[in-house]
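Undergrad: What follows is each chain in one-letter form.
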Amino acid sequence: MLNRIIGPLIFLVFAWFVVSNADARTIIAGVAIFLVGMHYMENGFKLFSGGALETVLERFTGTTPRAIATGFVSTAVVQSSSLVSVIIISFLSAELVSLTQAVGVVFGSNIGTTATAWLVSTFGLKIKIAHYALPMLIFGVVMQFSRHLAYRAPGSVLIGLGFIFLGIAYMKDGFETMKDGLDLAEYAMSGYAGILVYISLGAVATVIIQSSSATMAIIITALATGQIDYINALALAIGANIGTTVTAALGSLASNRNGKRLAVAHFIFNLVTALFAVVFIYQLRALVDWLSPILAIADGDDAMRLALFHTIFNVIGVLLVAPFTRTLVAYLETLFCEEAKGRGRAKYLTSEVMEIPAAALAALRKETIHLYDKSLEAIVHAMNLHRSQIFSDAVIEEVVEHARAPIRINIDEVYQNELKQLYGEILEYASMTQSYMDQQGNHEIYELKQAARRIIEMVKDVRELQKNLNYYAKGNNSFIIGQYNKLRAQLVGILRMIEELREYEGDEEEVLTRIEVERANAREFEIAMNREVDALIREHKIDSRSASSLINDIGFAHSIGKKLLSCAVTLWVRDEEIKVLGDEYGYG
Amino acid sequence: MDTAKLVGKLEDFFDLSKKKQRKKHDKLSKIIGKLEEKKTSLEIELAGRDANGERYHDLKQELQVISDLIGKARQQDLASRQGDSDETAS
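Chains as they are written, first to last, in my numbering: chain D, -5 to 582; chain V, 6 to 95.
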C-alpha cells in the first residue's frame, strides 16, 4: 500500500521540481539525453562488434594482467562497463572464461570507465561539442534507416555519441545559467566532514541515475562551471565509484551465482579503492598536481585534473587488489554455492547469456553436450554396460561378451525425471535467444535443437532395444545372443570413437573423416546384419518371432548409431565449412 | 563523382559478402589441400597392402570417404564462386 503511494508521490515531487526550476530542468534534461546516448552507444557496439568484443573478451584474458588490460581497453572503447560486465558474466556462466579471468576483466573495466571522464573533460568542455552533436545525430539517424547492419550499427554508435555530447552541452549550459541565481559553490565543505558528505552525495546520485559515467559527467561539468569546489568534486568522484557498486549489486540480485560473485568482487574492489582514496585524498591530490604539468594539463583545468584523479585512484585500486586475486577468487567460490541446480536441470542456460550471441551459442552447445552426457548414461545402462567399460582400452567384443547381466534402469523414468525438463529448457532457451541472433547464429541454434531432438530420440530407441535385449539375454539361443552382442559392440565402437574425438585436438577435417568413415561402416554393418539374420532364418537357427525382433532392433541400433554420429558432427565439428561436407546434411 | 557512384562505393566498402566469399574460397581450398594430402598418403599406404587383408578394407573405406569429402568441398567452392559471379553479372 505504502509503495503504491510513495512511488507516484516521488514522481510528482520530481515533476514539480523539473517544471518549476528552469536551470535544474536543463541539467536534468542533459543527464537524460546523456543516458539515452549511453544506451544507443551500448546497443550500437553490441551490433557493431559482430562478436568481435566477445572474441576479444574470450581470447585475451589468459592471465590476470591480460584480463585487466582487456577489461580496460574494451570498456574504454565501448564506453560501457555494464556491457562488458554483462558479456563477462555470460561467458563465466557458459564457462568460456574462469572466475579469475572474469575478476581481472572487472578490475580493468573499472579503469576503463575513467575514459568517460577524459572524454567529457577534453572534448565535452573544450570544444563547442553541440555543434558536432547535431550532425552526428543526423548522420546516425540516416544510417539507422539502412537495411544493412554494417550501416545501422555505426549509425547507432554515432547517435549515441551525438546524444552524449548534446547531454554534456545541456548540463554545461544548465550549470552556467544556474550560477547566476544559485551558486552551489557556497555549499562547499572543507575537511574530512565535507569529504564524507560529498562522497555520500556522489554515491546517492549514482544509485539514482544508475550510471557512474553520467554522475562523472555532472561532476565534471559542475566543476568546470565553478559550481563545486575541486576537493569536493574529488570526493563526489569517489562516491560515484561506491554508488556504481550498489547499482551492480542491485543488478546482480536477479542474476545467477556468477553474476553475484562478480558483483561481490566489484564491491570489494571499489570499497578498498574508496577507502584508500578517502584516507589519502590529500596525497592523491598532490600526486595529481605533480603529474598535471607533466601531462600538459593546464594549471586551472580542474576538470581534466579530476579525470586524472579518477584514473589514478582506480589504477591504484587495481594495484592494491590485483595481487590478491587468487585469494579473492577462492573466497568468491565459497559464495552462492547453494544455487547449483539439481539433477535434470540446465547448468549453463542463464538469462544474462541470452542477449550475447557468442555466449548464448556456447551455453546452448554446452547444455546440449550436458544432455548428451546424461542420455549417454541411460543408453549405456540400457545396453547392460557401464561407462567405465565402454571408455576403457579393453577389446570391445570381450567387454560386450562379459556384460550380459541386465542393469535395472527404467528408461521412461529417466526420461521423465532427468531428461525431459532439460530438453524442454534447451528448446525454450533456443527459441528465446533466436531473436538476438544473425542468420548464422540462427542456423547454429537450429542445428543444436536438432541435435537435442536426436539425443531424446536415441533414448526412446534404446528403450525399444532394451526390452528385447534383456528378454533374449535370459534365453539360451547362442545365435540370437551373438547377434545382440554384435549390435551392442557396434554401438560401443561408435561411442568410443566419439569419446576419442571429444579429446582430439587436431584438425577438424580429421574429425569429420573419422565420423564419416564410421557412418559408412554403420551402413555396411546394417546390411551385413540383415544378411546374417536372413541366413539364420534359412538355417532355422532362430525362429520367426526372434527374427522379427532382431530385424527391428537392427533398425533401432542403426538409428541410434546414425543419430550419435549426427550429434557428434553438430557438437564437435565447429567449422561450418567442414561441417557441411558431411552426410549430416543428408540426414532426414 | 555522381551520387550513384558514391553510394556504390560506400556499398562496396560496407559490403562484407564479397570478403566473406573470398574467405570461404580460401578456407575451402585449404580444406581440399589437407584432404588431398591425406588421400595421397592413403593411396601410398594402400598400394603396399594385401588386398585381402582387413586393414585394406578399412583403408579403402577411408579413401572413399575422403574422395567424397573432396568432391563435396569442390562443389561447395564452385557454388560459392558461381554465386559471386552471378552477383557481379547482375
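Do not rely on the hints blindly, as some may be mistaken.
Simulated crosslink set (DMTMM-like; lysine to aspartate or glutamate; CA at most 25 Å straight-line) [said to hold, decoys possible]:
hint : chain 1 : residue 1 : chain 2 : residue 2
1    : V       : K29       : D       : E52
2    : V       : K77       : D       : E502
3    : V       : K39       : D       : E52
4    : V       : K24       : D       : E499
Over the 10 Å line for every Cβ pair with chain D, so calculated as not near, a few chain V residues [claimed, not checked]:
hint : residue
5    : L51
6    : R54
7    : E59
8    : A78
Just so you know, the hints here were simulated from the structure itself, not pulled from any lab data. Bear in mind that the values here come from a model prediction, so they are computed numbers and not experimental data. Ideal Cβ placement from N, Cα and C applies to all residues, glycine included.
Undergrad: Run every hint past the structure and note whether it holds.
TA: To see whether the hints hold, each was checked on the structure:
1. Taken as a hint, the K29/V and E52/D pair is honoured in the structure, with Cα atoms around 24 Å apart against an allowance of 25 Å.
2. Taking the CA atoms of K77/V and E502/D, the gap is near 16 Å; set against the 25 Å cutoff, the hint holds.
3. Taken as a hint, the K39/V and E52/D pair is broken in the structure, with Cα atoms around 28 Å apart against an allowance of 25 Å.
4. Taken as a hint, the K24/V and E499/D pair is broken in the structure, with Cα atoms around 29 Å apart against an allowance of 25 Å.
5. Once the 10 Å rule is applied to beta carbons, L51/V is consistent with being away from chain D; the minimum gap is 14 Å.
6. No beta-carbon of chain D comes within 10 Å of the beta-carbon of R54/V; the shortest separation is about 16 Å.
7. The non-interface label for E59/V is consistent with chain D: the shortest C-beta to C-beta separation is roughly 12 Å, beyond 10 Å.
8. For A78/V, the requirement that its beta carbon stay farther than 10 Å from each beta carbon of chain D is not met, with the minimum near 6 Å.
Comparing the model with each numbered hint stated earlier shows that hints 3, 4 and 8 do not hold.
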